[in-house]
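So the sequences go chain by chain: A and B.
Under this note's numbering, the very last position in the first sequence is 189; numbers go up by exactly one each time.
Under this note's numbering, the very last position in the second sequence is 189; numbers go up by exactly one each time.
To be clear, the hints were calculated from the coordinates, so they are not data collected in a lab.
Treat the hints with care, as some may be off.
It does not matter which identical chain is used: a pair holds within one copy or between any two.
[Stated by the list, open to error] The list that follows gives simulated cross-link-like pairs (lysine-lysine, DSSO-like), each with its CA atoms no further than 30 angstroms apart:
1) 143 <-> 78
2) 78 <-> 129
3) 33 <-> 60
4) 79 <-> 153
5) 79 <-> 140
Note that this is a predicted model, so its numbers are computed, not measured.
Number of protein chains: 2
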Amino acid sequence: MNKLSVAQRAYIAGFLDGDGSIYVQLKKNKTYRYRYQVAPYIVFFQAKKERLGLENLQRLTGVGYLRDRNDGIVEYIIGDVTSLLALLTEVTPYLYLKKRQAVLMLEIIKFKKGARSGADFLKLCLLIDQFQQLNYSKRRINITSAVHDVLHAEGLLTP
Amino acid sequence: MNKLSVAQRAYIAGFLDGDGSIYVQLKKNKTYRYRYQVAPYIVFFQAKKERLGLENLQRLTGVGYLRDRNDGIVEYIIGDVTSLLALLTEVTPYLYLKKRQAVLMLEIIKFKKGARSGADFLKLCLLIDQFQQLNYSKRRINITSAVHDVLHAEGLLTP
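Excised from the complex, chain A in its bound form (with noise of 0.2 angstroms):
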C-alpha cells in the first residue's frame, strides 16, 4: 500500500465513517479446511457519476479495485487480507463511527492467522457474530452455532 500522509488518512477515515462500509462474510465453501471461508471486506459505495471519487481513494492507497454495478453503484472493495491489514493500521487511529468494526476486524484477521484447530476457528466465529451484531444492532445472527454443528458433524472438532 502507499504511504499515506495525516491528511489522507483522516480523508479515507471521513470517507469510510460517511459511505464506506467493514464487514465479514463466512461463506460456506467446502475445499476450506473448516468449510467456510472467513472474507473480510472493505468497501466504499458511490453514484456513477461520483466515480471519481472512488478513483481517487484507490489512487490515494494504491490497493483494491472498482467495480461497476449494474444498478448506478459503482463500489470501491479492498477484500484481501495484506491490503485490509495495512489499510485498517493507518485509517482506524481517525475513524470515529466505524472504529470499533476496525479494530475488531484486525483481531479477526490476526486471530485467523493464528487458527490450528476447529475450536480456534470456533473462537474466530464468536468474533465475526459480535461483528454482525456491531452492524446490523436489531437482527440476531449466530454464525457459531450453524458452524458448530457443521465441524461437529464432519469430525472437525475433536482433537
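With chain A's structure known, arrange chain B on it following the hints.
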C-alpha cells in the same frame, strides 16, 4: 466555529466527499429585495442508526444542527453564511470530489455580500446556474433567465 486540526479538517472533507451535499437554493420570497432568497447549504445524511457519526461532526465543528426526518434519515445541516464561510475555508483544501462546489459556494457567498443592484443579483444567479450544473450534470436549469424576467417585470433592473 471550533478550531480544527489538520486531521479533523481532512476527516470532515472525507465525510463530505463520501456522504455530504453542497448546494445553493434560490427560493422565491417577496420579502427579499430581489424577490429571491439565496440559501446555501452543506448537508450530511445518515441512516438513523448512524446518528452518532453526525453528532460527532457537529461536536467537532460546533456549528449547524441535526434534523431527524420522518423517513429514518438524519440530516446534519449547516445553513448560516458565517458558519459556511468558516467551515469551507477550513475544509476545502482537503476536498477532492466536491472541491469545485466548495470553491464556487465560497465565491457565491462573497459575491452575495457585495451585490448592490439587480444586475449584480443576476450575476449571482449565473454563479448559481454554474453550481446546479456541477451538481446535476444532466439537468438543464436556467435560473438566471427566470430571475431576469421577474426583476425586469418589477422594474428592478433599471439603474
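Against the structure, the hints come out as follows:
1. Neither within a single protomer nor between protomers do residue 143 and residue 78 lie at most 30 angstroms apart by alpha-carbon distance, with minima of 36 angstroms and 36 angstroms respectively.
2. Taking the shortest alpha-carbon separations for residue 78 and residue 129, both the intra-copy value of 27 angstroms and the inter-copy value of 18 angstroms come in at or below 30 angstroms.
3. Proximity of residue 33 to residue 60 under the C-alpha cut-off of 30 angstroms is found in neither arrangement, the shortest distances being 38 angstroms within a copy and 55 angstroms between copies.
4. With identical chains, the CA atoms of residue 79 and residue 153 are at most 30 angstroms apart between copies only, with a shortest distance of 28 angstroms across copies and 42 angstroms within one.
5. For the identical chains of this complex, residue 79 and residue 140 are inter-copy neighbours only, at 29 angstroms across copies versus 37 angstroms inside a copy, given an alpha-carbon limit of 30 angstroms.
Consistency note: the structure conflicts with the earlier hints numbered 1, 3.
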